[in-house]
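Below, each chain spelled out in residue letters.
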Amino acid sequence: MSDREYILSRIRKTTARVQKAAPDAASIMGRISSVPHTADVVDTFIQRVEHAGGKVGRSKDADEARQWIEAYIQRYGLKRCVAPDAVFELLGGRPETVAVSTAELSERGTAHDMQTLLLDAACGITAAHAGFADCGAVLIETTPDSPRTISLLVEAHIAILRTADIHDFLPGIGPFLQHQFSSSEPRNLTFVGGPSKTADIEKTLVKGVHGPREFTVLLLDF
Amino acid sequence: MSGQKKVQVTPRNLKLLVQERIYNPQLRKNLSRATSTTLAKRADVVADFTQWEEMRSAASEIKDGVIANLDTYLEQFEENAVSAGATVHWAADAQAAQSIVYQILRDCDAKLVVKSKSMTTEEIRLGHFLEEQGIEAVETDLGEYIVQLAGELPSHITAPALHKSREEIGELFAKKLGIDRTNDPEALTAIARDVLREKFLQADAGISGVNFAVADSGTICIVENEGNGRLSTALPKTHIAVMGIEKLLPDMQSLTLFLQLLARSSTGQRITSYTSLIRGPKAKDDLDGPEDLHIIILDNGRTDILEDDDLRESLNCIRCGACLNTCPVYQTIGGHSYGTQYSGPIGAVISPSLLGVEEAGKMPYASSLCGACAEICPVQIDLHHLLLHQRRKYIERQGGNPAERLLFRLWMMTMKHAALYSVSGLLGRLAGTIFGGSNRTLPVPGWSKSREFPAPAPKSFKQLWKEHGSER
Amino acid sequence: MKVSLFVPCLTDQFFPQSGMNMVRVLERLGVEVEYLDSQTCCGQPAFNTGYHDEARVLAEKYIRLFDSSDADYIVAPSGSCTTMVNIAYGKLLSIPEDLQPALEALQRKTFEFSAFIVDVLKQNDVGAEFAGKVTIHDSCHALRELHIKQQPRELLRHVKGIELIEMQHAETCCGFGGTFAVKHADISTEMVDRKIAEIHSAGVEYVTGVDSSCLMQIEGRLRRLNSTVKTLHIADILAGDA
Ligand code: SF4
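Chains as they are written, first to last, in the working numbering: chain A, 1 to 222; chain B, 1001 to 1472; chain C, 2001 to 2242.
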């Protein structure tokens, strides 16, 4: 008997005896689907991102967003920003600092070259599908033009989020996720809720343990 | 530290291991700092919700249902994971899992492996095994890295190095990494970052655990703060994920609930820095990510737990570690005293099943049964009742200590008969008068070393009641 | 109303005064009290240690005995022993089928002393007086199995002359835990030391609670440490009229 059959047959011995219906997850979740929020959703979101060690910027139009990124890169002494073309489009163009699109990254050659570039004082910018006020996280997705490492090997990670995409409660994203994962394609999504951090030494918070030291959400009010 | 011979680390030696640690003031300080900080943070963020109790019972209900239909969910998970390009393996025990991992690593000619924190791989001693096979397996979670350098077991499910102070870690780094001595957490972390970043960039494979496995899409979910989990699953060509059979959830909607419970309960965060949802290896056009994803589904004693109608609910555990933090015994003795990977209340509940009664049957006795664990558990596992259940199983299987058994037999016989009981009460009072002295203290083995034991009262309640009756 | 007393063996042998004080309070509240003389122990020590067969013999004896009473309620000066009957007998110790109906009936009418006064008799002032600074320790079984937290406090607050001071971590276990206190005496003692540190920093003269077993652990250590703080069962305070 293979291990698979062995394990499944042992499980079946119990499940056949217990005879309990599968949980109706949707209706159980329905019981807790809303959380009363007295505070403003956007304010709560901002406050909770900051509580988790992140920062939040806000912009009313594309120009302001671009300038904000420009200033950010200056402030942290970064050398360049890397983003998918789609993000630059959203920003109405590239910031003036050295900006590299991920499409160019992949043209540059090997994975190693890409890593070297990201590791050298870069700021990675990704778009976020949604934000969550109850926990201060955003949801980002890996795509061919938004690789895993641009939010990971870099010094700073900026997530661009439309203010309108902030949900008040994490389970609000359930249907979207269900849809995202309904095909048979590979998928890679990440909730990002702060910079890379650890408290493994005496519960002292240290940022940038393996990944970005800075995590910032740039809210687009437009 | 000292040249003293160390007690062998096994739950059989629990009492000796406790002896080694309980009077160590530094350890106590480290433990109490870590547990009280985490508990306070947890209380803060749990207060966000007026519905916390409803969330707990919803989670428990979902988990109960999944575990009761585990075969169906596992098959569904496997099918969906495979359709997205993952390879799924099944391992009946630790050894089987080890050899599957070894096979995969040999096939891709791996020399260096980066590991992200996983209790399941600790359970099967995977790092140790790989080292024996000549494959370098580096723990990349800072806490795990520290205990790996120290050659120790993790002392907590979610905070492996919580037993160590900054001084102890500074000393360890200086000795093992040949660096200048520093005790600054910031500097120590930066050193680890440099060492480990090199490993990430060179690693041939990444090994991770799985926090949740979503059945209806074949997705695995990895929850972490440092980014080492993401790096381990983004840079190397091969990703191996090891999960216990019990990790399943039905769908994404339920997952969102469990994420809220896990982060809040484990570290007192509203969400961790990184919660990765991974379905299959890299997509064809992705610029990074593993070419191959292997998922190993591990039994290793879990189907024994499943079979047991009482213990079954312990499979609902999401390994948040809250029951450890809140346990007054854990706070007093620390994780290493238990002598096994899983410590604290949940460790004492599951270890006798995972390691056998011979090895770990006495663990459930290291508890005052106060129930603080069950009160905090985000999935409402009745931990202290399960401890009682494991104690019963231990006595049934082992017969218990013969002298103790005899004592309880005699005691029961006495208690069964009111007359005998009264006579023994009289004898007790007599002993009290003889040995008790003016202090009215009775010497009781085990008790009297540190505490006075009261001598029986001059008159029992039964006698006082009779007198009371005649007064009326 | 008639109450049958469930006097745990520990109370019977070591703290009979507390049992009698419970009787005094109940009688003062106009309750008729009976005591079934052939009761012994509910079986908890064996049960907690894993000896279910031995515990079951005593559980059966207990159920048969109390089933024979026509009292309206059964009241015990212990959260722990009440838990044994109300929770453990039913859920954790398999009791023979034929005794189930009797057990369920007993469970419906069995109460811990302070909860009985507040929740059943709906009284919070038993007319007691007590001079002294007192803190209360929450016994684990009373607190977590029976959800007894406010009842004893409400009663104590109404005692004339008392100064009730909450200590930090009142809900943390004292380290007794039955045979645990002996099997793991080192851990048990470290735990009670933490409790005692809280008691001392609360600056009280007395510690009270609803369980003599926890109080025996705390008292045993207080005496060894030559502390001046004394332990009193809640019945001892509530019976006080001087
Ligand atoms: S038993 Fe409950 S509290 Fe303990 S680790 Fe598991 S989920 Fe967390």
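Incorrect hints may have been included.
Taking CB as the label site, the calculated pair distances span [as the list claims (entries may be wrong)]:
#1 B:Glu1404 with A:Glu50: 53 to 63 Å
#2 A:Gly30 with B:Glu1171: 51 to 61 Å
#3 B:Lys1006 with A:Glu5: 23 to 33 Å
#4 C:Lys2122 with B:Gly1469: 38 to 48 Å
I should point out that these hints are in silico values taken from the structure, not numbers from a laboratory. From a predicted model like this one, the values you see are computed outputs, not experimental measurements. All residues carry an ideal CB built from backbone N, CA and C; glycine is no exception.
Quick rundown of the hints versus the structure:
no., hint, verdict
1, B:Glu1404 with A:Glu50: 53 to 63 Å, "holds, 57 Å"
2, A:Gly30 with B:Glu1171: 51 to 61 Å, "holds, 54 Å"
3, B:Lys1006 with A:Glu5: 23 to 33 Å, "violated, 43 Å"
4, C:Lys2122 with B:Gly1469: 38 to 48 Å, "violated, 28 Å"
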